[in-house]
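Colleague: The primary structure of each chain is shown beneath.
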Amino acid sequence: MAVDAISLEVFKNLFAAVAEEMGLTLRRSSFSPNIRERLDFSCAVFDAEARMVAQAAHIPVHLGSMPASVAAAVSHFDSFAAGDVVVLNDPYHGGTHLPDITMISPVFADGALRYFVASRAHHADVGGMTPGSSPLSTELYQEGLIIPPVKLRAGGALNDGVLALMVGNSRNPGERLGDLQAQLAAQRIGESRMQALMREHGVTASAEHAAALLDYSRRLTEAVIAALPDGSYRFSDAMEGDGQTEFEIPIKVRVDVKGKTMRADFTGSAPQVLGNVNAVPAIVRSATWYCVRLLAAEDIPVNHGCFAPVAVVAPAGSILNPRFPAAVVLGNTETSQRIVDAVLGALAQALPGSVPAASQGTMNNFTIGGFDGGAPFVYYETLGGGHGGYRGGDGISGRHCHMSNTLNTPVEALEYSLPLRVWRYHLREGSGGAGRYRGGDGILRELETLVPATVTINSERRLRPPYGLQGGGAGALGRNRIVRAAGEITVGGKAVAQLKAGERVIIETPGGGGWGASAGATAREG
Amino acid sequence: MRAGVDIGGTFTDFVLIDEGKLRIHKVPSSPQQPERAMLAGLSALSGGDLTALEQVAHGSTVATNAILERKGARAALLTTAGFRDLLYIGRQDRPELYALQPRIAPPLIPRERCYEVRERLDARGQALLPLDMADLDRAIDQMQADGIDAIAVCFLFSYVNAAHERQVQKRIMQRGLLAEAWQVVLSSAVLPEFREYERASTASLEAYVRPVMSRYISRLERALPAATSLRIMKSDGGVMRARRVRQAAINTALSGPAAGLIGAAQLAAAAGLHKIITLDMGGTSTDVALVAGAPVPRPEAAIDGLPLRGRMLDIETVGAGGGSLARVDAGGALRVGPESAGAKPGPAIYGLGGEQATLSDANAVLGRLDAARFLGGAMPLDLAAGQRALQKLSRPAGLSVAETAQGVVDIASVHIERAIRRVSIARGHDPRAFTLVAFGGAGPLHACEAAARLEIPRVLVPPAPGVLCALGLLLADVAVEFSESVMSAASASRLAALVADEARLRARAQAELAREGIAAADSICAASLDMRYAGQAYELNIPFSAEAIAAFHRAHERSYGHALPERQVEIVNLRLHGSGITEKPSIRRVQEQRHAAAPFGEKAGPNGSALKLFEREALQAGAEFSGEALVFQLDSTTYLPPGWRARVDGMLNLLLERQ
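Protein chains in written order, with the working numbering: chain C, 7 to 532; chain R, 220 to 878.
Since the hints were derived computationally from the structure, they do not count as laboratory data.
Careful, some of the hints might be misleading.
Derived DEER-like restraints, expressed as beta-carbon distance ranges [said to hold, decoys possible]:
id: 1; chain 1: R; residue 1: Met352; chain 2: C; residue 2: Lys506; range: 56 to 62 Å
id: 2; chain 1: R; residue 1: His493; chain 2: C; residue 2: Gly508; range: 42 to 48 Å
id: 3; chain 1: C; residue 1: Phe253; chain 2: R; residue 2: Arg773; range: 36 to 42 Å
id: 4; chain 1: C; residue 1: Tyr147; chain 2: R; residue 2: Gln386; range: 51 to 57 Å
id: 5; chain 1: C; residue 1: Asp262; chain 2: R; residue 2: Glu785; range: 54 to 60 Å
id: 6; chain 1: C; residue 1: Tyr422; chain 2: R; residue 2: Ile800; range: 54 to 60 Å
id: 7; chain 1: R; residue 1: Arg343; chain 2: C; residue 2: Gly208; range: 35 to 41 Å
id: 8; chain 1: C; residue 1: Pro358; chain 2: R; residue 2: Gly344; range: 51 to 57 Å
These stretches of chain C come out as covered by chain R in the derived footprint (C-beta under 8 Å, 3 or more residues) [what the hints assert, rightly or not]:
id: 9; segment: 98-111
id: 10; segment: 188-195
Per the computed footprint, the stretches of chain R lying under chain C, defined by three or more beta-carbons under 8 Å from a beta-carbon of chain C, are [what the hints assert, rightly or not]:
id: 11; segment: 408-416
id: 12; segment: 540-552
id: 13; segment: 860-870
Just so you know, even glycine gets a beta-carbon here, dropped at the ideal spot from N, CA and C.
Construct all of the structure, not just a fragment, from the sequences and the given hints.
Modeller: Right under this line is the structure:
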């Protein structure tokens with residue numbers, strides 16, 4: 007079967023449907039609110055050379071980082087057998103941060119390895135210093151159980167010992183077991199659907215079209231880059247501290263656009279830091295590719311081809327390419343957002359009319375854990391905020407931006423299963439940056455714990471607000487407060503606190519930056 | 220005399236049964252006042268004497284259009300204090316992952332009409348804070364000044380305990396804010412389920428369309444004789460008496476595709492086919508559904524980006540129809556839809572100024588539409604304009620015009636294929652065991668090619684594919700559904716205790732069916748349980764029995780490939796579904812006399828092949844012919860590819876089979 011404009015579209019849909027179906031299985035049979043309600047997972051199909059062919063669109067930060075997982079599995083094992091499932095979470099061997107557990111299954115046809123299917127889900131607790139496994143850590147060992155690539159299933163036989171070890175290192179083992187079984191079910195579905203696809207359409211035709219799809223996405227991405235004016239664009243933004251100390255941690259980028267290729271060089275960004283905001287290179291690539299993907303009007307299928315025209319450079323030993331065992335848990339959620347702000351800030355110089363002002367630039371992670379009548383519980387949540395205004399429209403309010411798109415945990419799901427109570431959850435009126443086009447508003451969420459608990463907050467944009475563009479004002483800063491019997495205190499962007507029963511935490515998320523000057527707007531460009 | 224009336228965007232279709240005989244009628248729709256076309260058609264069919272009409276079953280897009288055109292009621296929302304922005308925060312996600320300038324569907328109720336009232340229940344329904352009447356009165360004062368005509372009330376945990384929501388309704392009526400109690404929509408009544416955003420969204424949709432539907436139904440009732448019973452189609456494939464629209468208006472929003480599905484399922488069943496996939500293809504979209512014995516329900520859908528939960532049929536809709544635009548993208552791939560040329564300018568062949576190629580243009584270039592016979596000759600086609608549009612498209616694609624046209628048709632087939640996969644393979648059904656039932660204006664044109672992609676062996680085209688939805692209205696049964704939140708661990712003793720609850724729900728359902736005029740002998744009630752493993756969020760629906768726990772483990776194994784027998788199983792809801800079997804028109808069956816059908820003509824296809832041409836009306840039961848062929852009729856065209864055979868059965872269905 008020759009590849010033409012028509013069959014290309016056919017196979018694009020076929021591969022995407024496999025990834026979609028894996029995601030559906032995971033969602034419907036999982037146990038933790040984080041997977042079943044917040045959909046904090048992604049599924050994808052890879053070719054035998056570990057190049058991503060199709061991804062079910064869920065979480066952007068996963069998109070560029072899952073290929074590293076498959077590559078790690080391939081380099082770690084000499085051979086695969088049908089029925090294998092490799093599991094890993096080690097950020098220095100194919101992972102990003104420990105809560106994200108990735109499973110990879112080889113798919114065989116006619117006795118040869120043809121594809122991999124992979125799923126990645128954020129598991130609410132994998133051990134570590136504080137419940138929710140997002141601690142204010144100073145080395146990887148403090149962040150939870152490290153899983154190098156291992157075969158959880160070998161030739162179809164489940165390794166009960168590995169599963170028990172993983173489950174036993176979590177604060178909520180029952181939920182972990184159920185979620186891991188759901189993830190295994192998704193892997194099984196993916197494997198059998200890929201085999202059916204090859205049976206129906208032929209092994210050769212499938213392979214030719216997988217390759218053609220990568221080429222197709224590469225051409226589309228090249229067209230996007232070629233449309234940008236050639237040049238060097240620089241931008242600098244900063245993180246607000248590493249959870250140990252509050253200090254500016256510069257994230258610098260120089261984006262070189264030349265013809266159909268782009269190079270993003272992060273040289274000049276801070277050296278690696280003691281705390282938890284270091285980001286492994288897979289995240290830096292993810293965030294950069296995401297920015298390029300945003301510029302494309304066409305609905306480019308997200309696969310390896312999108313990545314080929316974009317080179318990413320981050321010097322070893324820097325915050326964006328740390329050396330083992332640097333702490334990394336926030337690299338995935340917070341540093342990734344700042345990389346996007348920096349790259350988009352640079353691209354705004356190439357495309358001043360279309361790049362929006364900065365969005366909230368954080369995921370406002372918080373975890374609460376403890377014991378409820380002897381039973382352990384862990385709650386992990388992230389919060390949306392304001393989006394940047396853009397020429398022609400105000401930024402949207404109260405939504406996740408850029409590298410995240412997880413859903414919230416409904417209050418009624420949360421309070422049914424956890425000893426927590428939500429008292430307020432609404433928009434922060436007026437928190438969006440002023441401008442001809444206003445930034446969107448942030449969110450306020452107030453929670454009470456009904457039992458003694460540990461709360462960990464990991465957030466950004468509490469000191470340096472999301473920038474406005476073209477004369478638009480900055481968005482309002484976020485703010486984290488703890489309400490104790492004795493009174494209310496404001497805590498930093500990254501904080502751990504022990505709460506007594508009846509105490510509350512109030513999180514206010516940042517507004518988006520405004521776009522374009524208006525009367526009364528305080529201009530602030532990053 | 221009984222009539223089924225389906226109001227569509229372009230035509231209003233009628234199917235009338237009079238003393239066992241079926242009659243079909245079609246008049247242009249009157250979108251400004253949809254009932255005008257309906258009454259005109261009914262009047263014509265009944266010879267001006269509407270009193271002869273015992274019953275009218277009706278499907279309309281009034282609710283859907285009110286939402287799409289944002290022309291619903293002036294509605295307000297009342298929430299628990301602290302949660303005013305429920306509709307505006309949604310689930311915190313943005314609809315498109317990779318949008319440089321993200322947008323969201325604007326909620327139906329503006330933020331300034333969202334009010335907070337102090338009150339709070341916990342997850343078990345215990346009041347943490349009582350309903351603050353002073354707060355409520357303040358909100359009522361503000362709403363009074365605002366001139367609203369419907370109010371949605373969504374308090375946290377009202378699905379466990381509706382007392383606060385009911386108190387609000389009572390107070391609003393006491394204060395005389397609204398004229399009728401039904402203008403207050405309680406989320407606990409509309410959707411007694413957890414997840415506050417989805418419940419608030421559903422209640423808001425209901426409040427937004429209920430006054431509109433209520434006025435519409437009132438006008439219809441006034442125009443019809445008092446003795447004529449009026450039934451309205453619902454999204455779950457059942458009908459209800461019109462009066463109930465004032466409790467469940469939003470349940471009509473997805474009724475159009477449901478009516479077609481019911482019509483297709485019953486026609487196929489009459490032909491002895493119980494496993495079917497329906498393909499309803501119109502101008503802008505295609506609806507696909509699977510029926511294995513009975514239509515499959517689903518719990519949620521979105522209308523214009525706004526989530527709706529409730530009982531509806533599992534129908535996949537894809538943005539591919541006759542008017543779908545074709546283009547070559549920057550990467551060199553040919554794309555079809557979801558953008559549509561709409562009714563104006565429409566496809567290039569309509570000659571209304573459309574220049575960009577559409578699926579209909581591709582069909583015309585391939586010779587599959589007859590320029591003179593389209594819509595019975597009411598709309599002559601401009602084939603040259605279609606040719607020009609395809610030519611323009613073929614250049615960047617680097618293909619010949621005929622190849623490009625075939626490509627556009629193939630890609631439309633792929634869209635259909637993906638939708639069929641989602642309702643079949645993705646749910647564990649092998650499409651090769653099914654018959655594809657094709658209807659709608661464009662369904663029969665694409666059915667064989669879509670079927671071939673999934674090795675579906677047989678296609679059925681009903682005698683009047685264009686009015687199948689109107690027929691479905693007449694064939695639909697009365698459906699009522701009652702549910703109760705159970706929320707407890709499953710055990711043999713709990714199941715035994717539920718027997719009494721089941722009996723109570725059954726009595727309610729039977730009483731409701733009696734009010735619908737259904738005899739006890741024609742009532743069927745079935746109880747089921749929504750079950751899950753404790754900790755999961757999605758339930759599987761299991762028939763109510765003492766063996767339900769074991770049945771749940773088996774269903775989980777079937778759906779997801781594994782069961783967890785050591786896990787605690789939870790019962791979330793007890794449901795009772797009641798059907799009132801309505802009188803069905805008997806479908807006439809004649810003796811099939813096998814004979815070769817003679818085409819009335821032949822024409823050259825795009826690659827020199829010969830296309831045989833048939834008139835549907837001239838085809839008798841038992842007629843047989845083989846592809847490549849076209850069958851023309853007033854409301855549709857059927858394409859039979861080479862390698863396929865057609866046979867007309869005793870009910871005048873066209874059965875198309877691959878050789």
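Colleague: A separate judgement is required for each hint: does it hold in the structure or not?
Modeller: Okay, the hints, checked on the actual structure:
no.	hint	result
1	Met352(R) <-> Lys506(C): 56 to 62 Å	violated (33 Å)
2	His493(R) <-> Gly508(C): 42 to 48 Å	violated (60 Å)
3	Phe253(C) <-> Arg773(R): 36 to 42 Å	violated (59 Å)
4	Tyr147(C) <-> Gln386(R): 51 to 57 Å	holds (56 Å)
5	Asp262(C) <-> Glu785(R): 54 to 60 Å	holds (58 Å)
6	Tyr422(C) <-> Ile800(R): 54 to 60 Å	violated (39 Å)
7	Arg343(R) <-> Gly208(C): 35 to 41 Å	violated (57 Å)
8	Pro358(C) <-> Gly344(R): 51 to 57 Å	holds (55 Å)
9	98-111	violated (count 0)
10	188-195	holds (count 5)
11	408-416	holds (count 4)
12	540-552	holds (count 6)
13	860-870	violated (count 0)
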